[in-house]
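Chain residues, written in single-letter form:
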Amino acid sequence: MIFMALCFAMPIVIVTWFSLMVPRTFDLNADVTLTNYYAAVTEGYARPLMWSFLGALITTVITAVLAWPSAIILHRHAGHWATVVSALIALPIFISESVRLFGMSVFMMPRGGILAGSLNAAFGLQIGSILNTWSAALVGMVYIHLPFMLFPLLLGVSLIPADRLEAARDLGASRWQLFREIELPLAAPGLMIGALLTFVLCLGANAEAAILGGRAVTVITAAIEQRFSYAQDWPMGAALTVVVIVVTAAIVLPVLSRLDLNKLTRR
Amino acid sequence: MTAQDATPHSNRPVILSLAGLAKSFGQKHAVRPVSLDIPEGEFLTIVGPSGSGKSTLVRLLAGLETPSAGTLSLRGQDITILAANRRPTAMVFQSLALFDHRSVGQNIEFAMKMKGVAPTERRSRAMELLRLVRLPESYYGRSVTECSGGERQRVALARAFASDPEILFFDEPLSAIDYRLRKTLEVELKDLHSRTGRTFVYITHSLEEAMVMSDRIAIMKDGALIQVGTPSEIYRRPSNRFVAGFMGEVNILPVENGRFAGIDQPAPEAAGSFAVLRPEDLQPGPGQTTAKLSVKQRLMLGSRTQLHLQAEDGTALVSEIGGQAEAFAVGTSHTFGFAHDRIAWVDV
Numbered sequence: 001m002i003f004m005a006l007c008f009a010m011p012i013v014i015v016t017w018f019s020l021m022v023p024r025t026f027d028l029n030a031d032v033t034l035t036n037y038y039a040a041v042t043e044g045y046a047r048p049l050m051w052s053f054l055g056a057l058i059t060t061v062i063t064a065v066l067a068w069p070s071a072i073i074l075h076r077h078a079g080h081w082a083t084v085v086s087a088l089i090a091l092p093i094f095i096s097e098s099v100r101l102f103g104m105s106v107f108m109m110p111r112g113g114i115l116a117g118s119l120n121a122a123f124g125l126q127i128g129s130i131l132n133t134w135s136a137a138l139v140g141m142v143y144i145h146l147p148f149m150l151f152p153l154l155l156g157v158s159l160i161p162a163d164r165l166e167a168a169r170d171l172g173a174s175r176w177q178l179f180r181e182i183e184l185p186l187a188a189p190g191l192m193i194g195a196l197l198t199f200v201l202c203l204g205a206n207a208e209a210a211i212l213g214g215r216a217v218t219v220i221t222a223a224i225e226q227r228f229s230y231a232q233d234w235p236m237g238a239a240l241t242v243v244v245i246v247v248t249a250a251i252v253l254p255v256l257s258r259l260d261l262n263k264l265t266r267r
Numbered sequence: 268m269t270a271q272d273a274t275p276h277s278n279r280p281v282i283l284s285l286a287g288l289a290k291s292f293g294q295k296h297a298v299r300p301v302s303l304d305i306p307e308g309e310f311l312t313i314v315g316p317s318g319s320g321k322s323t324l325v326r327l328l329a330g331l332e333t334p335s336a337g338t339l340s341l342r343g344q345d346i347t348i349l350a351a352n353r354r355p356t357a358m359v360f361q362s363l364a365l366f367d368h369r370s371v372g373q374n375i376e377f378a379m380k381m382k383g384v385a386p387t388e389r390r391s392r393a394m395e396l397l398r399l400v401r402l403p404e405s406y407y408g409r410s411v412t413e414c415s416g417g418e419r420q421r422v423a424l425a426r427a428f429a430s431d432p433e434i435l436f437f438d439e440p441l442s443a444i445d446y447r448l449r450k451t452l453e454v455e456l457k458d459l460h461s462r463t464g465r466t467f468v469y470i471t472h473s474l475e476e477a478m479v480m481s482d483r484i485a486i487m488k489d490g491a492l493i494q495v496g497t498p499s500e501i502y503r504r505p506s507n508r509f510v511a512g513f514m515g516e517v518n519i520l521p522v523e524n525g526r527f528a529g530i531d532q533p534a535p536e537a538a539g540s541f542a543v544l545r546p547e548d549l550q551p552g553p554g555q556t557t558a559k560l561s562v563k564q565r566l567m568l569g570s571r572t573q574l575h576l577q578a579e580d581g582t583a584l585v586s587e588i589g590g591q592a593e594a595f596a597v598g599t600s601h602t603f604g605f606a607h608d609r610i611a612w613v614d615v
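First to last, the sequence lines map onto chains A and B.
Counted from 1, the first sequence has number 256 at position 256 by the working numbering; the numbering is strictly sequential.
Add 267 to a position in the second sequence, counting from 1, and you land on the number used in the working numbering.
I should point out that these hints are in silico values taken from the structure, not numbers from a laboratory.
Glycine included, C-beta positions come from ideal geometry on N, C-alpha and C.
Hints may contain errors.
Stated by the list, open to error - Cβ-to-Cβ under 8 Å is the rule here; a few derived chain B residues that face chain A:
#1 ALA357
#2 HIS368
#3 LYS382
#4 PRO386
#5 SER430
#6 TRP612
Claimed, not checked - Label-pair ranges, simulated between beta-carbon atoms:
#7 GLY383(B) / LEU6(A): 55 to 61 Å
#8 ARG76(A) / GLY515(B): 38 to 44 Å
#9 ALA162(A) / VAL479(B): 28 to 34 Å
#10 MET4(A) / THR333(B): 54 to 60 Å
To be verified - Computed footprint of chain A on chain B, listed as stretches where at least three residues anywhere in the stretch have a Cβ under 8 Å from a Cβ of chain A:
#11 343 to 352
#12 372 to 381
Produce the complete structure using the sequences and hints provided.
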């Protein structure tokens with residue numbers, strides 16, 4: 001409890017306290033003011049915040065759409081082969097995110113990049129590059145966060161008893177009805193955990209937009225980083241941080257409260 | 268194979284016809300080619316020990332497995348490769364496979380919902396089905412996880428009936444239920460069968476259960492049907508020792524050189540190599556064949572008493588007599604006899 005209080009609660013308290021100080025000060029004893037929050041609303045920070053949430057939302061949806069069939073296939077063909085595939089998906093997590101993203105940027109580079117280069121060499125196709133666009137940042141986000149969606153979903157899918165699927169088939173359910181009526185509701189706890197993980201991680205993501213997006217769009221984390229470092233405006237950065245925390249909590253907590261974790265542990 | 272008795276449905280048209288239906292998993296033959304005609308409205312029970320392939324057979328019939336060979340036809344139409352969701356049949360699973368995330372009503376309405384039946388119509392039909400399986404209508408909104416074992420059985424039954432199936436399959440649904448409730452549900456199922464007039468194909472490992480409910484019984488062993496007949500045929504005229512021994516205690520006396528081995532008495536002109544004698548046919552006192560046997564054990568069965576007996580050379584025999592049988596204390600010797608017309612002769 002003490003550890004939690006020191007390492008988890010304290011930084012939040014300090015950040016919150018800082019956010020109430022006069023801009024561009026490093027003093028914690030000054031008068032309390034809401035100037036920073038006023039600035040957060042009026043000085044164009046809504047846009048980076050919007051990009052961040054939009055990016056997180058789109059990434060969550062795309063990873064879910066990609067991970068669902070993968071999880072179903074991996075579960076159905078469970079065995080040696082599936083273990084190897086799962087390991088291959090999990091393995092990159094142990095490699096630094098920046099290293100992987102720079103790898104991606106080499107892949108996406110115009111002309112000399114792996115994608116454009118091989119298309120040119122093999123088919124004589126000349127393509128442009130999506131590097132340094134928001135789309136590139138999104139591709140990077142999906143690539144980095146897919147495992148965080150896939151593995152909770154795999155757990156969720158494995159909670160669907162095979163006899164329920166057979167019973168539903170036997171009672172006349174089509175493939176789509178099977179998904180709607182049985183698979184989705186029964187795998188929902190796994191899907192929700194995966195979605196929460198992906199969403200929250202994407203909100204805090206900075207490297208994808210920086211390395212692949214080339215700052216084509218400014219995400220809120222980049223804005224916060226910029227406030228704390230280059231601008232030397234800690235109270236403003238703190239205020240933005242608090243805004244992100246509050247908005248995130250407003251989205252995540254209602255979902256979390258509806259999630260029955262017991263469902264995942266019981267079979 | 269012995270001559271077949273007429274069954275209550277043998278004059279009805281055939282609803283399901285199996286022709287050489289077989290299933291193998293790799294090298295393992297789960298179901299060897301099975302041919303069988305099931306008349307409309309029949310209560311057919313397939314009985315076999317675990318691993319006999321009876322579950323695989325019923326899964327083939329329901330469309331949950333694709334056969335490796337043979338054809339299956341419903342009212343003369345080939346449905347061998349028709350998917351389960353397109354077959355007008357429904358199955359009650361061993362696990363019941365109820366949808367725990369749905370209410371009792373939603374479980375029952377599932378098949379109707381899949382067909383796109385309007386909610387009001389679904390509801391009134393669900394109420395009808397609740398009455399059919401003798402559940403109170405107040406159960407409609409209840410969660411299936413709140414239901415007791417017997418109630419869950421009824422929900423599963425109602426759910427299967429809701430699709431208005433031509434044939435209902437049962438894969439040992441009563442195996443996990445305690446004895447008394449099982450007996451009640453057996454009788455109710457039999458009653459439900461006669462009230463609805465549907466064709467029932469029931470799987471069980473208990474021949475006793477099969478005897479209570481079925482019009483016809485098919486005995487399965489090692490993936491093949493070894494005898495199909497009415498309950499009394501199976502009981503009175505088993506085609507081999509396996510079938511004879513499947514229904515509780517039985518005496519099987521080998522016949523060697525015209526004599527019953529073990530009790531060393533002359534046998535009538537043998538119609539087979541083994542004489543099958545039910546315990547209730549071996550009674551105290553002289554018979555056409557008489558032997559002196561000592562009582563090894565006396566088991567009270569309530570209205571009857573089971574006596575485990577031993578011949579002089581050590582052959583074990585079993586007899587069931589009415590009442591308490593006080594005179595037959597363990598260790599005492601008595602004369603027992605049987606009539607030859609009670610013997611069922613088998614060769615293997």
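Annotated coverage of the region 372 to 381 of chain B by chain A, confirmed only when three residues or more have a Cβ within 8 Å: Holds, because 4 residues of the region 372 to 381 of chain B bring their Cβ atoms closer than 8 Å to Cβ atoms of chain A.
Against chain A, run the beta carbon of PRO386(B) and see if the smallest gap drops under 8 Å. Since chain A brings no Cβ nearer than about 15 Å to PRO386(B), farther than 8 Å, the hint is violated.
Cβ distance range 38 to 44 Å for ARG76(A) and GLY515(B), holds or violated: At 43 Å between Cβs, range holds.
Does ALA357(B) pass the interface hint, meaning its C-beta sits closer than 8 Å to a C-beta of chain A? 6 Å, holds
Hey, does the LYS382(B) contact hint survive, CB to chain A under 8 Å? 6 Å, holds
Using 8 Å as the Cβ threshold, decide whether TRP612(B) counts as touching chain A. 43 Å, violated
When the nearest CB of chain A is found for SER430(B), is that gap smaller than 8 Å? 6 Å, holds
Closer than 8 Å Cβ to Cβ for three or more residues is the test here. Does the region 343 to 352 of chain B pass it with chain A? holds (count 3)
Is the hinted range of 28 to 34 Å satisfied by the C-beta distance from ALA162(A) to VAL479(B)? 31 Å, holds
Does HIS368(B) pass the interface check with chain A, least Cβ-Cβ distance below 8 Å? This interface hint holds because 5 Å falls under the 8 Å limit.
Measuring from beta carbon to beta carbon, are MET4(A) and THR333(B) in 54 to 60 Å? 56 Å, holds
Hint says 55 to 61 Å; check whether the CB-CB distance for GLY383(B) and LEU6(A) agrees. 60 Å, holds
The structure fails hints 4 and 6 (numbered hints given earlier, in ascending order).
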